[in-house]
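A.B. asks: Protein chains in written order, with the numbering used here: chain Z, 1 to 777; chain F, 1 to 78.
These are computed hints drawn from the structure, not numbers from a lab. Bear in mind the structure is a predicted one, so any value in this text is a computation, not a measurement. Be a bit skeptical, because a hint or two may be false.
20 angstroms max Cα-Cα, derived DMTMM-like pairs, lysine to aspartate or glutamate [as the list claims (entries may be wrong)]:
id, chain 1, residue 1, chain 2, residue 2
1, F, K29, Z, D215
2, Z, K389, Z, E15
3, Z, K183, F, E22
4, Z, K496, Z, D399
5, Z, K392, Z, D740
6, Z, K32, Z, E21
7, Z, K774, Z, E568
8, Z, K478, Z, E493
9, F, K29, Z, D474
10, Z, K436, Z, E625
11, Z, K183, F, D65
12, Z, K397, Z, E407
13, F, K29, Z, D212
14, Z, K32, Z, E500
15, Z, K183, Z, D212
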Amino acid sequence: MSLNSTELLDQFILESRECLERVGQRLLDVEKAPQDADLLNDLFRQVHTLKGNCGLFEFKALELVVHAGEDVLDRIRNGRLSYNASIADALLEAMDYTASLIDVIEADGALPEGTQDRARLLAAALRDHLGEPVAAPAAGRTEALTPVAPLPAPDWSNALPAEWRQPGRVLVRYVPEATCFFKGEDPWHLARTAPGLLHLDVRPNTPWPEGDQFDCYACNLDLRLVSEAPLAEVEAHFRYVPEQVDHWHVPEQPAPAQPTTPATAPVATHAPAPHTDLLNARLQQVWDDQCRLLARTGISAGTVAAVRQTLTNLLVCRDDHALASQAHTALQGLAPGPVPLAQWAQQYHPDGHGQAHPPGSPPPAMAQPPRRSATHPTPEDGGTERGQKVLKVSQDKIDRLMELIGEMVVAKNALPYLATRAESLFGQRELAREIKTQYSVINRIAEDMQHAIMQVRMLPVGIIFQRFGRLVRDLSKKLGKDVSLVIEGEDTEADKNVIESLADPLIHILRNSLDHGLETPEVRLAAGKPAQGTLRVAARQEGDRVMLTISDDGTGIDTDRVRLKAVERGLIPADRASSLTDPEAVQLVFLPGFSTSDAISDLSGRGVGMDVVRNAVERINGQVELESVRGQGTTVRLTLPLSMAVTNVMMIEAGERRFGVPMDLIVETVRVPAEDVHHFKRAQTTVLRGRIVPLRALSDLLGLESAPRLNEDGELAVLVVRLGSENVGLLVDNFHGTSDIILKPLEGVLTGITGFAGTALMGDGSVLMILNPKELV
Amino acid sequence: MGIRYLKKSATLQGRVNAEDAEILLEWLKSRPGSAVNVTRCQQMHAAVLQVLLALRPRITGQPADPWLQAVLATPQPN
């Protein structure tokens, strides 16, 4: 594949993912409000876009499924099919499959053999809902050319003569609204100018009224036509009419008020003899269209790729197989760009290769125009037509930008050092002051830049919430529970990394709630609760933290059972378990290996439960809290930093070296007189505000030689840090200021050293080691 | 161009617009059994067509447009 088509493919994957995400969301929305026409239309549009994108490539399996989905949705949209749970299931399943196909395409660039069979099954399952027998799953070869679905014929088409309903044609019923004449419409003219018109039938929509009742300006026509043009062309021809129908929801005219309903007759697997002519004519027409497209000046690379793909697809339909394969080989070896392709298209033009009916007009001379467009495709072409408001940028580029800004922040920190040097070393006071002024300007800009890039990386948490609707729906169905999901504060923003690392823990928590927390409707009613359980996910911002609350109104955690299980699994001794208060016992679920379930279901019970959640959240500097009231429900609270990119650290000194400690762990810094430190065996403690705080010397922990230094007043510097639920005092030599740093995790052979969270480059060029007190103490 | 009305027949010529439909309707109603000549009619508005289909006057001649010809020729399943 050429470079252009890989780019195109990337774009396709990106857009398809987006489409699928929206489709998934809309499917759930529509299930809640099946009457909402706007939602349905949006859903249909998304699927339609997706199908259009698929058509650009040769992913037949993908197209099959999406197309079936589109047909079902079209029916629903036109009110000919009512949306129900089983359709939703089929659509969701098809959507999942589509997503998995996209993943495969992204990984391999192509679909493996055998996907089509699965796709056909899914498509057949979807088409089952159309209420008609499914077309034989042999429709393979012609699909690329005519992506027309084997929809069952609508009722009205039965009135049309059978010979009209031939494969590949489009039947149209057009019932103009009664007042259409006053809008300057001429339905007759519109119908008879339809593309590829083969038959046209006009009949009264309702029997002609007698005598004076007849109003010649109230349109009472029912036009039925057959066209050989592609469905899309017919649709485009009647594009103004569906709008008119939309405005026309008068209940008095129910049945005949059907909008333009282009329905399609089934496509024959192998075109029968009378249609070969037709096919050939269409083939030449499309071929010519492609040639004309190539002949335009300055066409974009994407267009060339699309043309190339179309021509390749057309080759499949050529009668002369030997020639087709020869042309195919020639195409493979073709240089990129419009000119060779145009020449190739000329050389292998279907015209003049023994076709039964050459087209009415010979194709215009193609040779000269492409030459004009030869080398310089103007980049503006196609780009400036619409002013783009939203840029899609890959995360790599943003990360790179952020890295650069981070370096900028560090680099600017060198200026104060320089100012000091200028003053102390060279005695240039004036210069030092000027450097400082410049520094403050650069500092301000750098901070703005940092802020701006943070904003770019900010995403609303709603992005991960979107998946929950589906999860809750599927799981509650599976478990026979009735659960409504309430989402609040989905606009709250946080850094992309934070959001992404949150997804898995959150899903875990939701699963737990659904599996263990919420009861079945019968149990709930017996307990005097409404049959429908509520699962609430709320997000809000508090200072520089994001708070996420996941609460359910289920049974709550059975603390007795939790105690029992914890002892059973040997996680805590039995005497300690019984002495725990209920809120403390609840926390036992965070112990690694804890599980209350005896049987392992596919939902939970594998013992990788809340401890995984806690680890995941703590990895991004967050905290988890769990509260539960028996019979009333469980609440999980996650507190997370807004952003992980910049860490605020405090610099401390121990053994003549400087270290950084993350600010969010520091409770306080105190100076404790040496005589207030109590020694008990080897342990040291002190009392701070009536509470005993264990003390550890940092230099001991790090294996440094020197003991903690006292200051002039005989005091020890104590840095009190919070480790889990308890405070620990670290004895250090001295405190220094705080600094914003970009934390770089340890790499290579250093990865195993858990005592350090990472390193940071300081303004004077030195490297600061950031401690990880949790591991250290 | 429009419609030329004679004693026993009306002749549709060139483009026949929507405005002509009402006059044609009244004319046909007042003269049952008259003929309408469509030979020189190139294009007919749907409203006019509707009048012809509803009142079913005797049609003489054949319009150049095959689609129009076909529609006017088919007996209505009314």
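A.B. asks: Next step is simple, just say for each hint if it's right about the structure.
C.D. replies: Structure-based check of all given hints:
1. F:K29 with Z:D215: holds, 12 angstroms
2. Z:K389 with Z:E15: holds, 16 angstroms
3. Z:K183 with F:E22: holds, 17 angstroms
4. Z:K496 with Z:D399: Status holds; Cα separation ~11 angstroms.
5. Z:K392 with Z:D740: Not OK: K392 (chain Z) and D740 (chain Z) at ~30 angstroms, beyond 20 angstroms, violated.
6. Z:K32 with Z:E21: Cα-Cα ~17 angstroms, so holds.
7. Z:K774 with Z:E568: This hinted pair is violated, its Cα atoms lying about 28 angstroms apart.
8. Z:K478 with Z:E493: It is violated: about 32 angstroms lies between the C-alpha atoms, which goes past 20 angstroms.
9. F:K29 with Z:D474: violated, 67 angstroms
10. Z:K436 with Z:E625: violated, 46 angstroms
11. Z:K183 with F:D65: violated, 25 angstroms
12. Z:K397 with Z:E407: holds, 15 angstroms
13. F:K29 with Z:D212: holds, 9 angstroms
14. Z:K32 with Z:E500: violated, 27 angstroms
15. Z:K183 with Z:D212: This hinted pair is violated, its Cα atoms lying about 23 angstroms apart.
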